[in-house]
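S.K.: Following the hints, complete the assembly by docking chain V with the ligands onto the known chain P.
Heads up: the sequence lines are chains P and V, in that order.
In terms of the UniProt record's numbering, the first sequence has 81 at position 81, counting the first letter as 1, and numbering is strictly consecutive.
In terms of the UniProt record's numbering, the second sequence has 57 at position 57, counting the first letter as 1, and numbering is strictly consecutive.
In case anyone wonders, no lab produced these hints; they're calculated from the structure.
Be a bit skeptical, because a hint or two may be false.
Partner residues are not named here, just some residues of chain V that face chain P (Cβ under 8 Å, in silico) [to be verified]:
| hint | residue |
| --- | --- |
| 1 | L50 |
| 2 | R76 |
| 3 | F83 |
| 4 | L100 |
| 5 | G101 |
| 6 | V105 |
| 7 | M153 |
| 8 | N154 |
All C-beta atoms in this analysis are idealised placements derived from N, C-alpha and C, irrespective of residue type, glycine included.
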Amino acid sequence: MFDNLTVLFSSPHYTNALPFIWQGMQLTLIVTFVGVFIGFVIGSIFGLMRLSKNKIIYGIATVYIEALRGTPILVQALFLYFGVSEFIGLNFTAIQAGILVIALNAGAYIAEIVRGGVESVDKGQTEAGRSMGMTSTQTMRYIVWPQAFKRMIPPLGNQFIISLKDTSIFAVISLGEMTYLMRQYVSTTGDPFVPYIMLCFGYLIITVPSMIILRRVERRLDV
Amino acid sequence: MITVKDLHKSFGETKVLQGIDAEVAEKEVVCVIGPSGSGKSTFLRCLNMLEEITAGEVEIDGEKLTDPNVDINKLRSRVGMVFQHFNLFPHMTVLDNVSLGPRKVNGVERKQAEKEAQEMLEKVGLGDKAKAYPGSLSGGQKQRVAIARALAMNPKVMLFDEPTSALDPELVGDVLEVMKDLAKEGMTMVVVTHEMGFAREMGDRVIFMDKGVIMEEGKPEDLFDNPQNERTQAFLSKLL
Ligand SMILES: Nc1ncnc2c1ncn2[C@@H]1O[C@H](COP(=O)(O)OP(=O)(O)O)[C@@H](O)[C@H]1O
Ligand SMILES: [Mg+2]
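Isolated chain P (complex conformation):
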């Protein structure tokens, strides 16, 4: 036990595995940022569709949202990368597939964030806009959306953190992000303890500051 503990301080992995963490982290971040950004666009569209009085538009959005929230992201990645690409004869790279899965998956959750944000804006705001003669689009754009977006920031930040952690499952489609690279490193060295501790810290170094920033922003928006 205590022998093992000394390993914690003198392991050669710290220097050997660090380049893999660093390299994987870059891909993790790229896939997360690009994916969540596209997910925000998708989520905004489907979130607004969820608010539509038109039953078909509402229905389409509901099916999309529930289908993606109701299946594991791992299954979505397998389905898209192996299933769909095979079916339509389109060979996604692992990065493309990873970004697409994050976008579609986060998009479904963000759609609900958007719907909640827009619904939280007092109906009187819409009425004030409409009663001046603004169209519903103008009212949304200039009056409701800016207020809704402010309230969406904390849950969007949360979704970012969730999606960031979700990228670790892309090891199954051989996307060379942090988890994948460390698994490879471990399988070549045969020594998992310290490398996986490093992997944990690789995520924490992004998520913890994100949460701290988020909490600060939340507090500022509250005032």
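M.R.: Only chain V with the ligands this time, still in chain P's reference frame:
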């Protein structure tokens, strides 16, 4: 200016308006009074289609609201509305609140719109608040901004839904002053109010509503001093 014929409004099974007939002439100030829940707000909101009309007709400035071809946004831009809870846009400065409608609806250029907005703010006595945000204003100031915002659209009619009911008593006067000035300038106004003093002084006509119908209407001095309907009598006696 406004003609209402046999207006009905239901929310599902609940019949809120049950056949309203009313006329408002140009430059007339009509005050609507009545117990809470009698349908005053719903009536006012039907006048600019914030509520869909169940049956009947509303004509404003020669245009039928119920006509499927009517450009409802254009019509609304000529009908100013002031709400009980102000409904100012909290994320914009006072000046932006007032200039937004003219810019986006009437296509007025920003500079021009802001100049006119500033003038409107002077008019309601808040010229120095242009750069402030609504959150920093008192209720009375908020409501005066809301009036300026509606006026900036150059409306032909102004609708007020209990504009002073959410205000501390000491702030009511300022808002009523602004409304009186407006009435004196010849603005056509429909005012739902509990301010009987205002109705008596400024109203050309007072309408008493109860349970979704107009029970009685007439000149303020007649309706207040010599009400014919027994519901009107009961309502007025409770106020004294
Ligand atoms: N959106 C709505 N849905 C259902 N019922 C409503 C709605 N708006 C108003 N009502 C009902 O209509 C009645 C009249 O309301 P309202 O016009 O606000 O009265 P007033 O302004 O005279 O107090 C009330 O009984 C109220 O509950
Ligand atoms: Mg009311």
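S.K.: For every hint, state whether the structure bears it out.
M.R.: Cross-check of the supplied hints:
no., hint, verdict
1, L50, "6 Å, holds"
2, R76, "4 Å, holds"
3, F83, "6 Å, holds"
4, L100, "6 Å, holds"
5, G101, "4 Å, holds"
6, V105, "4 Å, holds"
7, M153, "6 Å, holds"
8, N154, "11 Å, violated"
Violated hint for the displayed structure: number 8, the only one.
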